[in-house]
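Asker: As you go down the protein sequences, you meet chains A and B in turn. Sequential numbering from 1084 applies to the first sequence in our numbering. Sequential numbering from 105 applies to the second sequence in our numbering.
Honestly, the hints are just simulated from the structure, not real lab data. Check before you lean on any hint, since a few could be wrong.
Unchecked claim - A few chain A residues facing chain B, derived, Cβ under 10 Å:
| id | residue |
| --- | --- |
| 1 | Ile1097 |
| 2 | His1463 |
| 3 | His1516 |
| 4 | Trp1531 |
| 5 | Phe1545 |
Said to hold, decoys possible - Now the in silico label distances, taken between C-beta atoms and shown as ranges:
| id | chain 1 | residue 1 | chain 2 | residue 2 | range |
| --- | --- | --- | --- | --- | --- |
| 6 | B | Leu325 | A | Pro1260 | 35 to 45 Å |
| 7 | B | Val143 | A | Thr1330 | 51 to 61 Å |
| 8 | B | Ala295 | A | Gly1101 | 21 to 31 Å |
| 9 | B | Lys109 | A | Arg1529 | 38 to 48 Å |
| 10 | B | Asn291 | A | Asn1208 | 50 to 60 Å |
| 11 | A | Lys1543 | B | Ile276 | 26 to 36 Å |
| 12 | A | Gln1104 | B | Val143 | 44 to 54 Å |
Beta carbons are placed, not taken as given, at the ideal position from N, Cα and C, and that holds for glycine.
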Amino acid sequence: MSVENFSAAADKAIKNDGLQQRLAHITHEFINKRQAAVNAVPDWEAWRVAGKNIKQHAIEHLDIYLEEFEKNLTNAGGELHYCQTGEEAADKILRICQQHKAQLVVKSKSMVAEEINLNQHFAKNNIKLVETDLGDYIVQLRGDEPAHPIAPALHVGKAMVAETFRQEHKNLPRNRPLESIGDLMAEARGILRKDFLTADVGITGANFLVAESGSVVLVTNEGNGDLVSTLPPVHIVVTTIDKIVPTLYDASHLLRLLCRSATGQPITSYASFFTGNNQTQDGDGAIAFHVLLLNNNRTQLLADDLRPALSCIKCGACLNHCPVYQTVGGASYGGAQMGPIGSAIAPAISGIKRANDLVFASTLCGRCDDVCPVKIPISHLLRRQREWSFLQKTIAPQKQRWLKYFRRASQSPKKFRHASHAVRRMLRFYNRHGMIKNIGLFPPARPWFAKKNLPSPAKKSFFDKVK
Amino acid sequence: MSSQKKVGLFVTCLVDMFRPSVATSAIRLLKKCGFAVVVSPRQTCCGQVAFNNGDRDTARNIARELLYEFHDCDYIVAPSASCAGMVVKNYGELFPHPDRAGHLFGHNLYHFDKNEDLPHRADGFRAKFYELSDFLYHVVNFQPSNIAPYVGDRKISYHDSCSSLRDTKTFIAARGLLARAGVAAANLADAEACCGFGGSFTTDFPNISASITDKKCDDILSTAPDILLSADLGCLLHLVGRLSRRGAAVEAFHLIEFLDEQAHSQFLLPLGKELNNAAQKTPAAQQPAK
Chain A
1084 MSVENFSAAA DKAIKNDGLQ QRLAHITHEF INKRQAAVNA VPDWEAWRVA
1134 GKNIKQHAIE HLDIYLEEFE KNLTNAGGEL HYCQTGEEAA DKILRICQQH
1184 KAQLVVKSKS MVAEEINLNQ HFAKNNIKLV ETDLGDYIVQ LRGDEPAHPI
1234 APALHVGKAM VAETFRQEHK NLPRNRPLES IGDLMAEARG ILRKDFLTAD
1284 VGITGANFLV AESGSVVLVT NEGNGDLVST LPPVHIVVTT IDKIVPTLYD
1334 ASHLLRLLCR SATGQPITSY ASFFTGNNQT QDGDGAIAFH VLLLNNNRTQ
1384 LLADDLRPAL SCIKCGACLN HCPVYQTVGG ASYGGAQMGP IGSAIAPAIS
1434 GIKRANDLVF ASTLCGRCDD VCPVKIPISH LLRRQREWSF LQKTIAPQKQ
1484 RWLKYFRRAS QSPKKFRHAS HAVRRMLRFY NRHGMIKNIG LFPPARPWFA
1534 KKNLPSPAKK SFFDKVK
Chain B
105 MSSQKKVGLF VTCLVDMFRP SVATSAIRLL KKCGFAVVVS PRQTCCGQVA
155 FNNGDRDTAR NIARELLYEF HDCDYIVAPS ASCAGMVVKN YGELFPHPDR
205 AGHLFGHNLY HFDKNEDLPH RADGFRAKFY ELSDFLYHVV NFQPSNIAPY
255 VGDRKISYHD SCSSLRDTKT FIAARGLLAR AGVAAANLAD AEACCGFGGS
305 FTTDFPNISA SITDKKCDDI LSTAPDILLS ADLGCLLHLV GRLSRRGAAV
355 EAFHLIEFLD EQAHSQFLLP LGKELNNAAQ KTPAAQQPAK
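Bound conformation, chain A alone (with noise of 0.2 Å):
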């Protein structure tokens, strides 16, 4: 799937039944579960502010962060990467598997390795890369797309788990139990168990990178994570530059923000700091560690008003909140970047002509606004894109015309009224008793007829009775 097909995909997301009840669960049990763990901050709102302004100043100073991290990073015993395009990183962790003659690869979670298409490039270079997060598995099994940045597997019922398993596992007894959630869990452990103790690299992404140190943050849940980073001897992280923070105490305020908007957890089972590698002093880590740092167009967004775009924390919580989102899923944004804030930053990496769809698939309702922990305006960046748009003339044809015209009438009070007068005139044809069921063949408002009727415009207009 790609980022040009929202509509279609849409479309056939919200005739998916299963998928229809399973996102309105899923994210109200987030909407609701973030409200109570926000509710039991006494501050919330300073807490915003904070963690506005350390990602604000971060990404200000990214020059200067990324170059303290790069140092103290590589007096760790790391060593850092710069990538300019999803192909190249991707083409730069296959390079350094290979040096070390990998076959296994085992990764966790990360939304930068669906950017830059990472499995996909694996399987055609022959190496077997298996995901560990459960949800990322049990997607990667199905040869899905992820649904969601923090719950991948959010479309896929408990029953479709279990068939997966039956199917995509070998040596599976069949009259082992797959009902819970335990034995899933189960069955998952025991095959994952394997891969990671005899996995050559392991890769992760990154929710900070901690200039001050030289560290990396990795929050999970299930502590694959820690298994995928610690047991192989090659440990490379894979991740985009605006996730440096100065110091790690603006990482530690930024954990607090991130689990509560993201899970309602205060504190995530597994917050992970990897510092270097094991020739340090401590002697942790793996033989090996690498960091990948990709721009993929996100320097671009810096340079404009869209800047802000970059504070995001991939929390997730603007998705969950979007009544876009809500009805159409993650998958049918057609790529790692999804809900309202995913719609913002979509353009600078595909382009705003593949990802016009996006940026005009918001009601413009300003939840996301109100939730997001760090204080991005969503939707006012979503207005500046739309301002690219039509600045670039991506908007549809037939979309432009019509803005044309609005242009034209709305500039001169005489041509409004005429105008105004016309629809009046056209819709009234087509008013039975108030209300109007069909439009016939009249162009511009025939979509709105698609799924509801119109109340009918008024005889007169009130210019009209004023006139």
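Following the hints, position chain B against chain A.
Answerer: Same frame as chain A, but now just chain B:
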């Protein structure tokens, strides 16, 4: 020279076309508060359609016109949180002060005549601009007449528009005014959720929009109301349209016309209802058509 304060009524494009009675009720209520009400025949719309679709220049030209049109009013009010939100929240962005003007992929966003001093004009305009229910409730402390007799035992549900919840934050005013008018309104279950209208969103993505609306319709119907109220006509047209397609009969009114006692005594018909011409001629049919 009268000491009457001048209130400019911004007649939103939807009110003008679909529900002029909202504007006439607004004028009546404002006059009752002792204001001189001004309606500008030169106003078109608030520019939101253009602004939300990325046409910033058109939005700015429309907005500029309004700044001049209403410049001698003491207050300007709009019977819609959506339009008020556009003015209060976004006009500042349309007319940024030079030091705060941003840029978009190298396009300078500050390009209008510097002699006009539009940024300061816009600031003044925004400070004087109110959502009507908020103005009536908080600014003039308006006491509407008791409408309980007209409501009878019919149940009222209230829909909060996203703009009233988040842009203008005026959702309190509606409840307050209804309480003063002697009636109570039920809140919807997921009141903070969007109704799925979103302006051109509903024509760009009719299926997604309808799917979102269905959730709202379910929430409305689960409160089993006889009357649905909201202070935003856009949401109401959208919701009534979908409810009617689903075959559900709920009478919908704009909050302002509903608060106007006189409108009730003139047999105000709910949104989407009209007396047909034949019936109108006979005096016996002076009752609302079912």
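Asker: The structure should be examined with respect to each hint, and the outcome stated for every one.
Answerer: Hints and how they fare:
| no. | hint | verdict |
| --- | --- | --- |
| 1 | Ile1097 | holds (5 Å) |
| 2 | His1463 | holds (8 Å) |
| 3 | His1516 | holds (5 Å) |
| 4 | Trp1531 | holds (6 Å) |
| 5 | Phe1545 | holds (4 Å) |
| 6 | Leu325/B to Pro1260/A: 35 to 45 Å | holds (41 Å) |
| 7 | Val143/B to Thr1330/A: 51 to 61 Å | holds (58 Å) |
| 8 | Ala295/B to Gly1101/A: 21 to 31 Å | holds (28 Å) |
| 9 | Lys109/B to Arg1529/A: 38 to 48 Å | holds (45 Å) |
| 10 | Asn291/B to Asn1208/A: 50 to 60 Å | holds (57 Å) |
| 11 | Lys1543/A to Ile276/B: 26 to 36 Å | holds (34 Å) |
| 12 | Gln1104/A to Val143/B: 44 to 54 Å | holds (49 Å) |
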